[in-house]
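Number of protein chains: 2
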Amino acid sequence: MTAPGVGSVLIVGSGLIGASIGLALRARGVSVWLEDTDPESVRVAVERGAGRPGPPQDDPDLVIVSVPPVMTAQVVIESLRRYLNATVSDVASTKTRLQREVESMAPDFGRFVPGHPLAGREVSGPAAARADLFADRVWALTPSADTDPQRTAQVAGLIESLGAVVVTTTPEEHDRAVALTSHTPQVVSSLVAAGLDSLGTAEVRLSGQGLRDMTRLAASDPDLWTEILTSNAEPVSAAIDGLIERLAVVRDGLRGERGGPLAVRAALSAGVHGVAKVPGKHGTEPVPYAVVPVVIEDRPGELGRLFASAARTGVNLEDVRIDHAQGRPTGLVELEVRPSSAVLLAEGLREDGFEVRD
Amino acid sequence: MTAPGVGSVLIVGSGLIGASIGLALRARGVSVWLEDTDPESVRVAVERGAGRPGPPQDDPDLVIVSVPPVMTAQVVIESLRRYLNATVSDVASTKTRLQREVESMAPDFGRFVPGHPLAGREVSGPAAARADLFADRVWALTPSADTDPQRTAQVAGLIESLGAVVVTTTPEEHDRAVALTSHTPQVVSSLVAAGLDSLGTAEVRLSGQGLRDMTRLAASDPDLWTEILTSNAEPVSAAIDGLIERLAVVRDGLRGERGGPLAVRAALSAGVHGVAKVPGKHGTEPVPYAVVPVVIEDRPGELGRLFASAARTGVNLEDVRIDHAQGRPTGLVELEVRPSSAVLLAEGLREDGFEVRD
Chain B
1 MTAPGVGSVL
11 IVGSGLIGAS
21 IGLALRARGV
31 SVWLEDTDPE
41 SVRVAVERGA
51 GRPGPPQDDP
61 DLVIVSVPPV
71 MTAQVVIESL
81 RRYLNATVSD
91 VASTKTRLQR
101 EVESMAPDFG
111 RFVPGHPLAG
121 REVSGPAAAR
131 ADLFADRVWA
141 LTPSADTDPQ
151 RTAQVAGLIE
161 SLGAVVVTTT
171 PEEHDRAVAL
181 TSHTPQVVSS
191 LVAAGLDSLG
201 TAEVRLSGQG
211 LRDMTRLAAS
221 DPDLWTEILT
231 SNAEPVSAAI
241 DGLIERLAVV
251 RDGLRGERGG
261 PLAVRAALSA
271 GVHGVAKVPG
281 KHGTEPVPYA
291 VVPVVIEDRP
301 GELGRLFASA
311 ARTGVNLEDV
321 RIDHAQGRPT
331 GLVELEVRPS
341 SAVLLAEGLR
351 EDGFEVRD
Chain C
1 MTAPGVGSVL
11 IVGSGLIGAS
21 IGLALRARGV
31 SVWLEDTDPE
41 SVRVAVERGA
51 GRPGPPQDDP
61 DLVIVSVPPV
71 MTAQVVIESL
81 RRYLNATVSD
91 VASTKTRLQR
101 EVESMAPDFG
111 RFVPGHPLAG
121 REVSGPAAAR
131 ADLFADRVWA
141 LTPSADTDPQ
151 RTAQVAGLIE
161 SLGAVVVTTT
171 PEEHDRAVAL
181 TSHTPQVVSS
191 LVAAGLDSLG
201 TAEVRLSGQG
211 LRDMTRLAAS
221 DPDLWTEILT
231 SNAEPVSAAI
241 DGLIERLAVV
251 RDGLRGERGG
261 PLAVRAALSA
271 GVHGVAKVPG
281 KHGTEPVPYA
291 VVPVVIEDRP
301 GELGRLFASA
311 ARTGVNLEDV
321 RIDHAQGRPT
331 GLVELEVRPS
341 SAVLLAEGLR
351 EDGFEVRD
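Just so you know, the sequences run in chain order B and C.
Be aware that the first sequence starts at 1, since it is given in the numbering used here, and climbs by one per residue.
Be aware that the second sequence starts at 1, since it is given in the numbering used here, and climbs by one per residue.
Just so you know, not all the hints are guaranteed correct.
As the list makes no split between identical chains, a pair holds if one copy fits it or if it spans any two.
Distance condition first, Cα-Cα at most 25 Å in a straight line; then the derived SDA-like pairs of lysine to any residue [claimed, not checked]: (1) LYS277 / GLY200; (2) LYS277 / ILE322; (3) LYS277 / ASP223; (4) LYS277 / GLY210; (5) LYS277 / GLU336; (6) LYS277 / VAL204; (7) LYS277 / ALA135; (8) LYS277 / GLY242; (9) LYS277 / LEU199; (10) LYS277 / ARG338; (11) LYS277 / THR201; (12) LYS277 / ARG321; (13) LYS277 / GLU173; (14) LYS277 / PRO222; (15) LYS277 / ASP213; (16) LYS277 / GLN209; (17) LYS277 / ARG212; (18) LYS277 / ALA238; (19) LYS277 / LEU332.
Just so you know, these hints were derived from the structure itself, not from any lab.
From a predicted model like this one, the values you see are computed outputs, not experimental measurements.
Could you put together the complete structure from these sequences and hints?
Shown next, in the form of structure tokens:
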């Protein structure tokens, strides 16, 4: 089965995501029309080269709805009614509720191929749009049993042509997954950070890199996240419930109740098992890399000197972590490499005068 | 008040921490004796140059107890009885329970200066000892109201001479702090990771750098952490209780109960406030750095070329984060620099052909 091509696309909602899709499609020769309730937004997107102001003269092959989550269902339903042959897709970050609403209201919902690109920026609006926003990013598609498979293939082909990686799943599994991988971690990071509020300045210093990692997400915009969390309220509250249950087991174990210390140990072991599932680099199966730890002075050029030295060994650095020591201008840099390359890298760095820990 | 000097130290327990203290003290000309219930451990530590086999002929000025947490109280009490003029310190990672036990059993507990160096390695035993293990690391001292202030100053002076940063607080505040900054984050990381176990391989890919940061700690040793958590059971279970309460507020808010979405938003805002307290680099007040995002290809030498280019600009890199794109061999490197240096760095990198995002 060959998926039908897409020659013309109408993008409804020309903010960051909509305008970025427009730029990416234009770069691939697709005809793009842009609409938005805010004419200024269309003007900026058109000026950036993301397409022409809509509506198109002829019906488009595909309509992509990229309006705020709360508006998505309504605009998808309108688009299905307005263009009777077009495929309609969207970019909302949660799917179940949306699809239920569309399927109960739209006459011909088999033409709706729901999508969710996992891409974004810290800034919003069409001025921040980028043609490469979706390159190498996962773009989920969540067709239901009634979605026309040819239209799903059509949208998947288009998305892949933008450089994105298509992951196809059900709306329910999608929402449960993002609740566990994104929405609940966001809540937990905020609440762990909030718990620090009762500590004095001296006491907060009794912490390490772990706390920094755990609380990084907590700096995100509360308004945006309140909207995201409420749009996925059911799976997130279920995931939080599961977390509360597991926390209560550990708490009770520490108090000598239920399984006692054995229950604590079992909970930590389940974590070791779970973390092995977290995607490593490039979304491949997690690979255990070897760590080469190097102590460096904190002065201009020192990191550059380190990486130039590493480059001379020809070893590919898979990852880099910098663990800043407290109170003094030095740091520990952990270079992650394939285990077979660790000795070569360590020797090369030592030859260049770096202190490599064993 | 000048603190009395320390000419001779007996270290009881010659594992990683004890032997590292020995190496550091020997490098500064202090006479060191080593004891351990395991003669092999003493032999290795002595061979590494961490000191001589104990006991010393004359009473030592200072005894440092660095045995496993469950043994610490008993060995501290014995040491106070055995050397009637010596100062006694320890390295256990939780303090309240220990100090209560010592104060109820030892005749002269004013000579006990409790300590906790926040340093360690992934490996244990005297063979892994390092003279610089404590350089730039926080070393907490938790004297009680009855601790002799001159002896606290004596221990603080010695610790600072090893390059560590002394933070003085009460045992209760110390334990509450590490419960919030270290022990509870460890539990949460494990439990978030454990929650992923129900997801399929495709669904786990619907995640980003945030999940990786949040679950990094979950890979730690369950046995070690069960011992640490149980030694601080009361403050950790109280911190978990607090977290459960805040999670329940968010869960209920998502279900439209209690404060509804407003309660969700308030919880996230408290997180923004809390994260501002997390120590930045070098334990100083957090500094907002500017981020310069660079897209790089994944091939040997590419990171090296990037950092060499950055070095040529003379700009000091404050931090580096690598956000690996999924499915494709490219990555986004975020270079953190002082805001005043961001433009200079970005221009220099672009001149060398790097793609710097605005």
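Here is how each hint holds up against the structure:
Only between protomers do LYS277 and GLY200 lie at most 25 Å apart by alpha-carbon distance; the minimum there is 9 Å, versus 37 Å within a single protomer. Taking identical chains as interchangeable, the C-alpha atoms of LYS277 and ILE322 lie at most 25 Å apart whether they share a chain (24 Å) or sit on different chains (20 Å). For the homomeric pair LYS277 and ASP223, the shortest alpha-carbon distance between copies (21 Å) is at most 25 Å, but the shortest distance inside one copy (31 Å) is not. Taking the closest pair of Cα atoms, LYS277 and GLY210 come within 25 Å of each other both inside a single copy (20 Å) and across two copies (14 Å).
Within a single copy, LYS277 and GLU336 get their C-alpha atoms as close as 19 Å, which meets the 25 Å cut-off; across copies the closest is 29 Å, which misses it. Taking CA atoms no more than 25 Å apart as the test, LYS277 paired with VAL204 passes between copies only; the shortest distance there is 7 Å, against 32 Å inside one copy. When the C-alpha separation of LYS277 and ALA135 is checked against a cutoff of 25 Å, the pair qualifies only within one copy, where the shortest distance is 23 Å, while the shortest distance between copies is 35 Å. Proximity of LYS277 and GLY242 under a CA criterion of 25 Å is satisfied intra-copy only: 18 Å inside one chain copy versus 29 Å between copies.
For the identical chains of this complex, LYS277 and LEU199 are inter-copy neighbours only, at 9 Å across copies versus 34 Å inside a copy, given an alpha-carbon limit of 25 Å. For a Cα distance limit of 25 Å, the shortest separation of LYS277 from ARG338 inside one copy, 19 Å, qualifies, whereas the shortest one across copies, 36 Å, does not. Taking CA atoms no more than 25 Å apart as the test, LYS277 paired with THR201 passes between copies only; the shortest distance there is 8 Å, against 36 Å inside one copy. Proximity of LYS277 to ARG321 under the C-alpha cut-off of 25 Å is found in both arrangements, the shortest distances being 20 Å within a copy and 21 Å between copies.
Only within a single protomer do LYS277 and GLU173 lie at most 25 Å apart by alpha-carbon distance; the minimum there is 16 Å, versus 36 Å between protomers. Only between protomers do LYS277 and PRO222 lie at most 25 Å apart by alpha-carbon distance; the minimum there is 17 Å, versus 29 Å within a single protomer. In this homomeric assembly, LYS277 and ASP213 come within 25 Å of each other (Cα to Cα) both inside a single copy, at 18 Å, and across copies, at 14 Å. In this assembly of identical chains, LYS277 and GLN209 lie within 25 Å of each other by CA distance both inside one copy and across copies; the values are 22 Å within and 14 Å between.
For the homomeric pair LYS277 and ARG212, the shortest alpha-carbon distances inside one copy (22 Å) and between copies (10 Å) are both at most 25 Å. For the identical chains of this complex, LYS277 and ALA238 are intra-copy neighbours only, at 21 Å inside a copy versus 30 Å across copies, given an alpha-carbon limit of 25 Å. Taking the closest pair of Cα atoms, LYS277 and LEU332 come within 25 Å of each other only across two copies (22 Å); inside a single copy the shortest separation is 27 Å, beyond that limit.
When each numbered hint is compared with the structure, no violation occurs for any of them.
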